[in-house]
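Keeping the supplied structure of chain A fixed, place chain B upon it in accordance with the hints.
Which chain is which? The protein sequence lines are A and B, in order. Numbering follows the numbering used here, in which position 72 of the first sequence is assigned residue number 114; successive positions increment by one, without gaps. Numbering follows the numbering used here, in which position 589 of the second sequence is assigned residue number 571; successive positions increment by one, without gaps.
Hints were generated in silico from the structure; no laboratory data involved. Even for Gly, the Cβ is constructed at its ideal location relative to N, Cα and C. Each hint should be verified, as a subset may be incorrect.
Listing some non-contacts, in silico: residues in chain A with all C-beta distances to chain B over 10 Å [unchecked claim]:
#1 R44
#2 E57
#3 G96
#4 D124
#5 E205
One-sided excerpt, in silico: chain B residues whose CB lies under 8 Å from chain A [unchecked claim]:
#6 I1
#7 G12
#8 A55
#9 I174
#10 M223
#11 E369
#12 G468
#13 G639
#14 F672
#15 I677
#16 I686
#17 T689
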Amino acid sequence: MRLTFTLNDAPIDLEDIPEDMALVDLLRDVLDLTGTKRGCETGTCGACSVLIDGRLARSCRTKVADIVDHHVTTIEGIRSPDGGLSDLQTAFLAHGAVQCGFCTPGMVLAGEALLRRNAAPTRTEIRRAINANLCRCTGYQQIVDAIEEVAALRRANRVADGEVTP
Amino acid sequence: MTEKLSYVGNPALKNVDGIDKVTGRTRYVGDMVVPNMLVGKVLRSPVPHARITELDVTPALAVPGVKAAITHADFVDDGSFGWPIRDAFMLAYQKVRYVGEAVAAVAAEDEEAADAGLAAIRFAYEPLPVIASVDQALDPEMPQIPEISPTGGGNLSNTHLLRNGDPDPLIASAPVVLEATYELPHQEHAYIETEGALAIPEPDGGVTIYANCQSPHLNRDNAAQVLGLEPGRVRVIQPPMGGAFGGKDDVVYQTTAQAAKLALKAGAPVRLILNRPESMAASYKRQSMRSHLILAAEQDGTLRAAKADLTVDTGAYASGTPLSSWRATMHAAGAYRYEAVHVDTQALYTNNGYSGAFRGFGNTQASCAAELAIDELAEQVGRDPIEFRLHNCLRLGDRTMTGVQLDQAVGLADCLTWVRDRSDWAAKRAAYDAQPGDAPHKRGIGVACYFHGSGLGGEGLDFATATLTIEHDNRVTIAAGLTDFGQGSRTVFTLLAAETLGVSMDRVRVLRPDTQTALDSGPTVASRASIVGGNAVRITAAKIDRVLRMAAADLLACLPEQLVRDGERYIGPTEEPVGFEVVVAHAREMGFQLSAQGRWQIRPIEWDFERGTGEPYFAYVFGAQVAEVEVNRRTGRTRVLKIWAAHDAGTILFPSGALGQMYGGIAQGLGFALMEGFRFEQGIPQALDFDRYRIPRATDVPEIEGTYIRTSHPEGPYGAKNLAEPVMIATAPAIANAFYQATGHRVHTLPLPNLAS
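With the rest of the complex left out, here is chain A (with noise of 0.2 Å):
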């Protein structure tokens, strides 16, 4: 098929792939995007998350035929508009969310998810929103304080660009 698609506000157009393809497959084999991870290939493990339209998603449960004319954020498209480190990555570094590294670009896009979703999240609702992502290196502690610490930073450069009031 012919597959159309904006990838990390980029627009891709190939041709000839398999509808049946997997998200996954297409981002690491034919894309050369390796930052997302096979970890369990039924779903399970998070590793290959992705943003489709901004929503968390499984890229190896997704067809590419599902993908059509919509939006596609792998880690890759993570970035502060200055090109460098997101707020959430910086806040990953500092809190020592990262150990081998092998969960935390869909760890990130999970975080990212929430954030766009919820400006103020609970740390239980920070569980929530990462429990489809395994990790078994870090406890996920430091995880939920980097996203609990990025949704207060967030909230504050908004008052802050009076976007809202406090």
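Frame of chain A; chain B shown alone:
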């Protein structure tokens, strides 16, 4: 210590590989692609025990796209390997001994061709009786699993003993005796990155292998042996790794040898990555262990003697079990003062997968049993669990259960009081004791503590090496033989080099572990990277520091002893201060060599394996945890509400990394207590994916309040001890002891039962 430290213990330190990891740029072995790369795949045994009657891979070679196919016969000595017992094979030889054992392998142009190649292999077998438990393994009527019994005693793989005094008369005369048996289950490492290797044949007949193994030099030596190549022609490079926890040695040696042989036969690179079900079936586990304990005490609760019988299931191969069952033997009665202790341990072959190293290395199971028993004994004598432990726990000057006198700081009592005070223990204990019996949700609070010998101890020669070089751009590179699989060793080595040399951490870079550039340092196991590898880095950096001080003294017209450091500057008594780069340039002009090697070895300790006496370890880590749980009486579900943890691991080098180790260890201990337990039924693994083998998710793990209390060990780098393994040990028994208060049900096996009414 009056020395002002810039990096050691600095809470702002970040993981040196963190930026690549949060951006997804880190390339793990499964992310690596080279031209003409073939796909490697492995045929695995569907049965737990069988004699191979036919194995022919030639039909696979007729499948279009298949470029190579191998069996045990392609390796020297049929691919036999294994340490300390050489009983395993890179591909099954004569028999298959567990479900998931590698039988044959193919390399093909794509996945489909590789699958077709596997399907074409002629593989037939005659089933043998399955040894499904340690009790069956002890039955002389059952067949022997290994070709040669290492002990001459059928399926007995190894024994250990500890003899400290004579506990029998003390037990006979003690007013309070507890005798109980505990069964701790197998556990799967469940690293999120599965095992993998990429092998590239070299023009000289050698091979370069990128493999996600913990110990590249051991991997190289095993591969060279079975490939029939001199070690210099086999190069193993460790790419960034997605977790290991002890689980990425032997099984990755097999993966490495398979990929390398396929690549050499095909004359093309081969990438072999295990999928999740393969990983769960093929990889070794934490061994299940039965601990039969007898504890004797005075009426006031003073412990007097202990006896333990440990029975360990090593599965199809010995792997690390002879060593981890020794560590279990050294810790089987826990972190308490006894007048006499005997331990007898036997490890047995079964067809339950195979078992080896996993975080805690035998002590996780042994201490869990001891801490469940101690809680029962405290209740028998009518004392509060923490008060009982404080009454009996090891303190400075005491003798451990092996009879060794502790002559360095012992922070165990401080850890116990910290978790007691922070958790509001007394109030919660009383409140939960007073809960109505028919309450829909019942809570409990429980405690456990532990000690854990540092380094390999009597398991082997405990040394590490490092090479430091000041490169032409005045940056410092480190080649180290001990490695980082996510736990943060690269950050620790970087900060230790920067601290010792007095340079910015940005100037220091740890090279990829590569058997062509790093010197052998033994295996990266036993949480020894920071303490042993760290000391090697520290003393090597100190060698270069001495050279640079001579150069600086020459520049500043003074004696090296007169120099003062301020950041990267060298300050003399009279001249203008000079920077690091000026000193390096001057050292080069003076003809000094700006590269050094260093080696550090733990001081000799002696353990007599025949008599069961001696000094097992040079240092110990201590700690305590309190867990608070809530049990839903209708659903039977147990939720852990909070955990408090305190550890004595000496000086903390990399604080956010050390906390991360603690939280991660607690999560693994929580999984061990609540939901894991890798089960075999007649040798068949009962779960091969994350839907059925559940590991803790973010909502399973509670908020953790943890600390490292301040101590210092004179032999560790800047006073540090090890910590990655010990931090998980107390979690499962603390949860199980809390479960008892909530339910009145004493736990003798994990995972916790569901008591839904």
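Can B/I677 be said to touch chain A, with a Cβ gap under 8 Å? Nearest chain A Cβ about 6 Å off; hint holds.
Closer than 8 Å between Cβ atoms is the bar; does B/G639 clear it against chain A? Give me holds or violated. Since the shortest Cβ distance to chain A is 6 Å, the answer is holds.
Since A/G96 was said not to touch the interface, does its Cβ keep a gap of more than 10 Å from each Cβ of chain B? Check passes; 18 Å lies beyond 10 Å.
Given B/I686 as an interface hint, is the shortest Cβ-Cβ distance to chain A below 8 Å? This interface hint holds because 6 Å falls under the 8 Å limit.
Taking 8 Å as the limit, does the beta-carbon of B/A55 come near enough to a beta-carbon in chain A? 32 Å, violated
Beyond 10 Å from every chain B Cβ - status for A/E57: It holds; A/E57 is separated from chain B by about 20 Å at its closest Cβ, greater than 10 Å.
Would the hint on B/T689 be counted as holding, given a Cβ-Cβ threshold of 8 Å to chain A? Result: violated, 13 Å to nearest chain A Cβ.
With 8 Å as the cut and Cβ atoms as the points, is B/I174 at the interface with chain A? 5 Å, holds
Against chain B, does A/R44 keep a CB gap of more than 10 Å to every residue? 23 Å, holds
Would you check whether the claim that A/E205 is not at the interface survives, using Cβ distances to chain B and the 10 Å cut-off? 26 Å, holds
Residue hint B/G12, partner chain A, criterion CB-CB below 8 Å: 7 Å, holds
For the hint on B/F672, does the least C-beta distance to chain A fall short of 8 Å? 4 Å, holds
Violated hints, listed in ascending order, are 8, 11, 17; each of the other numbered hints is respected by the structure.
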